[in-house]
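So in our numbering, spot 48 of the sequence shown is number 54, and the numbers just go up one at a time.
Everything labelled a hint here was simulated from the structure, so no lab data went into it. Please read these numbers as outputs of a predicted model, since none were measured by experiment. Glycine is no exception: its CB is placed at the ideal position from the N, C-alpha and C atoms. Just so you know, not all the hints are guaranteed correct.
Pair by pair, the computed Cβ-Cβ distance ranges are [unchecked claim]: (1) S40 - K106: 29 to 39 Å; (2) K106 - E75: 18 to 28 Å; (3) E93 - E69: 18 to 28 Å; (4) F54 - N86: 19 to 29 Å; (5) R105 - E62: 13 to 23 Å; (6) D133 - T25: 13 to 23 Å; (7) E91 - N51: 28 to 38 Å; (8) Q72 - S120: 31 to 41 Å.
Taking lysine-lysine pairs in the DSS-like style, the calculated list, with each CA pair at most 30 Å apart, reads [said to hold, decoys possible]: (9) K121 - K61; (10) K138 - K95; (11) K103 - K70; (12) K106 - K138; (13) K70 - K106; (14) K73 - K103; (15) K138 - K70; (16) K121 - K103; (17) K138 - K61; (18) K121 - K106; (19) K103 - K61; (20) K73 - K106; (21) K73 - K95; (22) K95 - K70; (23) K61 - K106; (24) K61 - K73; (25) K106 - K95; (26) K138 - K103; (27) K95 - K121; (28) K95 - K61; (29) K138 - K121.
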Amino acid sequence: MFNEGESNPDKKEIEERKTIEVWILDDNEALTESQLRSWDLAGENFGFDSYTTAKEALSVIEEKIQKQESLPYVIFVDGNLDQDEGELKDGANFVIKVRKLEIPQPMLIAHSNSKSANERMMQSGADLTMVKGTETTLRDYLKFFQSLEIKSSEH
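Using the sequences provided together with the hints, build the complete structure.
See the structure below:
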């Protein structure tokens, strides 16, 4: 229902409200840019942010919590984060830290070239594992997440 004097939202405004926020946590910026191009999701309802360190991504999550802003729906997590220091160099420790937060939990996807890194992240609480370089599959997953998000927002 709209208040008197308000206009009906157009299709674009409605679609913008259904944007699915996707984060990529990977210390290789060039690879991240390449992945985003290969996914070819122009015109789709996805918003992307990328972070090169777990420290930065955790800081943004904490900031969003304080500001009561929405958190990402899905985060692709690299297993080896060489730009981080200490325990955060291992993507599994990022997964553990996110899972300990009392927040609506994002879907965490272990996304590494290393099978052992993906296994560590799965054991730490990641939802799915996907080897880098499977961009077609990633695009299909993102489309699937989009269908889930839109269905849940319609209820």
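Assessment of proposed distance window 29 to 39 Å (beta carbons of S40, K106): holds (32 Å)
Restraint check for K138 with K70, where alpha carbons must lie at most 30 Å apart: Roughly 28 Å separates the two Cα atoms, so the pair holds.
Using the beta carbons of R105 and E62, state whether their distance is inside 13 to 23 Å or not. holds (19 Å)
Next pair to validate is K121 with K61; report whether the Cα-Cα distance is within 30 Å. Distance of about 23 Å is within 30 Å: holds.
Restraint status (C-alpha distance of K138 to K61 at most 30 Å): The hint holds at about 22 Å.
Do the beta carbons of F54 and N86 sit within 19 to 29 Å of each other? Roughly 21 Å apart at Cβ, these two residues keep to the hinted range, so it holds.
E91 and N51, beta-carbon distance inside 28 to 38 Å? Between E91 and N51, where Cβ atoms are some 36 Å apart, the hint holds.
At the C-beta level, are E93 and E69 separated by a distance inside 18 to 28 Å? 21 Å Cβ-Cβ, so the 18 to 28 Å window holds.
Regarding the pair K73 and K95, is the alpha-carbon distance no greater than 30 Å? Given that 30 Å is the threshold and the Cα spacing comes to 27 Å, the pair holds.
With a cut-off of 30 Å on the C-alpha distance, tell me whether K61 and K73 pass. This hinted pair holds, its Cα atoms lying about 18 Å apart.
Do the alpha carbons of K73 and K103 lie within 30 Å of each other, as the hint requires? holds (19 Å)
Is the hinted pair K61 and K106 satisfied, with a Cα-Cα distance of at most 30 Å? Between K61 and K106 the Cα gap is close to 15 Å, so the pair holds against 30 Å.
In terms of the numbered hints stated before, the structure departs from none.
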